[in-house]
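Chains V and Y are the protein sequences, given in the same order. Residue numbering for the first sequence follows the working numbering, beginning at 24 and increasing consecutively. Residue numbering for the second sequence follows the working numbering, beginning at 509 and increasing consecutively.
Hints may contain errors.
Unchecked claim - Chain V is faced by these chain Y residues, among others (derived, beta-carbon under 7 Å):
| # | residue |
| --- | --- |
| 1 | GLY549 |
| 2 | GLY550 |
| 3 | SER553 |
| 4 | MET556 |
| 5 | LEU557 |
| 6 | LYS561 |
| 7 | PHE608 |
| 8 | GLY609 |
| 9 | LYS613 |
Bear in mind the hints are in silico, worked out from the structure with no lab data behind them. Just so it is clear, CB atoms sit at the ideal spot from N, CA and C, and this is done for glycine as well.
Residue-level listing of the chains:
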Amino acid sequence: NAGVTQTPKFRILKIGQSMTLQCTQDMNHNYMYWYRQDPGMGLKLIYYSVGAGITDKGEVPNGYNVSRSTTEDFPLRLELAAPSQTSVYFCASSYPDRALSHFGNGTRLTVT
Amino acid sequence: KNEVEQSPQNLTAQEGEFITINCSYSVGISALHWLQQHPGGGIVSLFMLSSGKKKHGRLIATINIQEKHSSLHITASHPRDSAVYICAVRWQGGSEKLVFGKGTKLTVNP
Chain V
24 NAGVTQTPKF RILKIGQSMT LQCTQDMNHN YMYWYRQDPG MGLKLIYYSV
74 GAGITDKGEV PNGYNVSRST TEDFPLRLEL AAPSQTSVYF CASSYPDRAL
124 SHFGNGTRLT VT
Chain Y
509 KNEVEQSPQN LTAQEGEFIT INCSYSVGIS ALHWLQQHPG GGIVSLFMLS
559 SGKKKHGRLI ATINIQEKHS SLHITASHPR DSAVYICAVR WQGGSEKLVF
609 GKGTKLTVNP
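This is chain Y alone, in the form it adopts within the complex (with noise of 0.2 Å):
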């Protein structure tokens, strides 16, 4: 079965903090998703990355495709970070649907 898996489940830190999350998935893909959503539920994609590394602000997503494994990165977290963020892949085979990890929920305290 293809799946997506994103570890921690939960993450909860100090302001300031480098915070890290994790996505693993099964088999090849031809383009992996990070996206964010708010406390209010709103979604906002964050990267679209198929390989090397991306970088907004404070926000770092890296991918190894011979691992099948990307990380989320956040430098300086801040409390207005704290939201859900999800994975999300394409399989490779043109296939236009994503399928998505259930994300992980951080919380920064000031």
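Just chain V, with the same shape it has in the complex (with noise of 0.2 Å):
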């Protein structure tokens, strides 16, 4: 099992431009989520999602849209990038009885 995948690792995004962050799972979590990091502070929850078809906003979706069309696959797409989008991001899944998360390797998005 390769767990959680995420691509790219590393982005460098001007101002104003768009991208998309891949996620995919191989263990047929329901759960999935996004998270920030920013230096210096916790995860912060961006959104998550209890099934297919189903998302949910969490602490910082501002700038962010996220869709669910699969179980394996959880994209989160930045549509107009900004100095304050730069930040490491997180994927993870888990099953719903809320069992430890798998978390993916994390993207490094620099947004100049």
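Since each chain comes alone in its own frame, lean on the hints to assemble the complex.
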């Protein structure tokens, strides 16, 4: 099993550009999450999904969009990149019995 | 405001020492997680607990629900234990969201 796979690992965007961070998991987990991690701060939840076709906002959803058309995939879309979105992004997944979460390796995004 | 506080923020130890990292939270929880973030950035879940104590190898996690406090202990610490240790809680009320502490950076010197 590959676990949770995130792509790309690194990306530099110019202000106003758009991009999609990809996340896929092969563990048949219902729950998937997107977090961002800023220096010196705890992980913040951007969006989460409890199953295909269902998504919900987390603490910091502004500037992002998600979709969940399949159990495996949970892409995160940035439409108009801003410097405030410079961060490290982590995707995670878990079973609905609230067991341990599995994390991807992260995407380091810089917006200049 | 619902908060998760970790202490210490930074911890330096000598190889072989017993390590304790603390996590306090403000309101009732349904579960508490301990995670490890490697120097390369990857995050690994270590424990999820809602009561009592769990042990895995040299790692022990305990939780006191009444005192709203959890500790992560590392026995016989080793340089490879150097990492950021993160506490996260799931508040009571059925939410699936985790709220994270800022992490404790542990450095174990040989």
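The hints, checked one at a time:
1. Satisfaction of the interface hint for GLY549 (chain Y) is found here, the shortest Cβ-Cβ separation to chain V being roughly 5 Å, below the 7 Å cut-off.
2. The restraint placing GLY550 (chain Y) at the interface with chain V holds, with a minimum CB-CB distance near 5 Å, inside the 7 Å limit.
3. Because the beta carbon of SER553 (chain Y) sits about 4 Å from the nearest beta carbon in chain V, less than 7 Å, this interface hint is met.
4. With a least beta-carbon distance of about 5 Å to chain V, the hint placing MET556 (chain Y) at the interface is held under the 7 Å criterion.
5. For LEU557 (chain Y), the suggested interface contact is broken, since its CB lies about 10 Å from the closest CB of chain V, more than 7 Å.
6. A hinted interface residue such as LYS561 (chain Y) counts as satisfied when its beta carbon comes closer than 7 Å to some beta carbon of chain V; here the least separation is about 16 Å, so the hint is violated.
7. Given hint, PHE608 (chain Y) at the interface with chain V, holds; its Cβ is 4 Å from that chain's nearest Cβ, closer than 7 Å.
8. A hinted interface residue such as GLY609 (chain Y) counts as satisfied when its beta carbon comes closer than 7 Å to some beta carbon of chain V; here the least separation is about 5 Å, so the hint holds.
9. Annotation: interface hint on LYS613 (chain Y) violated; nearest CB of chain V at approximately 10 Å, more than 7 Å.
Violated hints for the displayed structure, listed by number in ascending order: 5, 6, 9.
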